[in-house]
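Asks: Work the whole structure out from these sequences, hints included.
In terms of the numbering used here, the sequence shown opens at residue 42 and continues consecutively.
It is worth saying that the hints were derived from the structure and are not from the lab. Nothing false has been slipped in among the hints.
Each computed SDA-like pair below joins lysine to any residue, with the alpha-carbon atoms no more than 25 Å apart:
| hint | residue 1 | residue 2 |
| --- | --- | --- |
| 1 | K147 | F128 |
| 2 | K227 | S132 |
| 3 | K186 | G172 |
| 4 | K285 | S299 |
| 5 | K139 | S206 |
| 6 | K186 | T154 |
Values in this document were obtained by computation on a predicted structure and should not be read as measured data.
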Amino acid sequence: MIRGWYTGASGMNAQQNRLDAISNNLANVDTAGYKKDITVSKSFPELLLRRMNLDGVYKTPFGSAEAAPVIGKLGRGVETNENYTDFSQGSFRQTDSKTDVAFGEKGFFVVETPVGERYTRDGNFILGKEGILLTKDGYPVLGEKGYIHAATDKFTVNPDGMITSEDGEVIDRFKVVRFDNERYLKKMGANLYSTNDIAGPAHIAEGMERPRFLQGYLETSNVNVVNEMVQMIEVNRAYEANQKTITSEDTMMGTLWSKTAVFNGR
Numbered sequence: 042m043i044r045g046w047y048t049g050a051s052g053m054n055a056q057q058n059r060l061d062a063i064s065n066n067l068a069n070v071d072t073a074g075y076k077k078d079i080t081v082s083k084s085f086p087e088l089l090l091r092r093m094n095l096d097g098v099y100k101t102p103f104g105s106a107e108a109a110p111v112i113g114k115l116g117r118g119v120e121t122n123e124n125y126t127d128f129s130q131g132s133f134r135q136t137d138s139k140t141d142v143a144f145g146e147k148g149f150f151v152v153e154t155p156v157g158e159r160y161t162r163d164g165n166f167i168l169g170k171e172g173i174l175l176t177k178d179g180y181p182v183l184g185e186k187g188y189i190h191a192a193t194d195k196f197t198v199n200p201d202g203m204i205t206s207e208d209g210e211v212i213d214r215f216k217v218v219r220f221d222n223e224r225y226l227k228k229m230g231a232n233l234y235s236t237n238d239i240a241g242p243a244h245i246a247e248g249m250e251r252p253r254f255l256q257g258y259l260e261t262s263n264v265n266v267v268n269e270m271v272q273m274i275e276v277n278r279a280y281e282a283n284q285k286t287i288t289s290e291d292t293m294m295g296t297l298w299s300k301t302a303v304f305n306g307r
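Replies: If you want it as structure tokens, here you go:
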């Protein structure tokens with residue numbers, strides 16, 4: 042019976058982790074370039090159940106049979122195995138703002154932060170007071186020459202990411218990087234990502250790897266509100282089912298203890 046408590050509790054923990062990911066996805070449904078999180082759970086190894094008080098092999102007219110046959114399997118709960126980011130492409134939303142930039146396919150903008158270079162899909166940029174292109178959180182966006190300096194926001198971005206001033210002068214080209222295993226990039230807040238040994242080092246996207254740019258557009262999040270709401274309902278029902286399992290186990294254990302106390306009192 043005690044095992045049933047742990048099984049139900051592990052299921053509740055797994056569903057809580059799923060609910061946290063879904064809630065975060067819904068909270069960022071309107072965040073440009075946001076990529077949804079997906080939680081994957083796995084079950085603990087199952088146990089084979091055999092009949093008790095029967096052991097060995099007995100004879101039959103047709104041969105022999107096992108005296109303690111397997112009568113089923115006993116699950117031991119689940120655990121959260123992985124929480125990964127789905128980098129599938131979001132749709133594009135037209136803004137007509139010169140400082141808004143989006144691109145299709147894979148790749149990341151590079152921004153400078155106090156802890157080093159970080160990466161984002163959010164192209165909702167602004168032009169700072171010093172004429173430096175910044176993210177909405179104030180981090181400089183990097184071009185291939187460093188910080189991107191523009192006198193005004195009347196610059197033009199061509200499909201290759203080349204930035205040209207209003208006078209036709211080439212300012213810079215957006216620095217775009219890719220990773221061998223982008224699925225394992227780590228979110229660090231402010232719609233930024235950092236890399237690690239599993240994701241691999243960032244490498245400059247060139248040639249066929251370089252995405253096509255769209256100025257005056259933003260990539261929307263890849264969160265589907267309807268799907269997330271359906272999953273939230275599934276999580277709530279699964280959580281309640283595990284909760285009822287624990288309640289039933291507790292009732293059974295209480296009954297056992299009370300009857301055992303009465304029997305011993307005799």
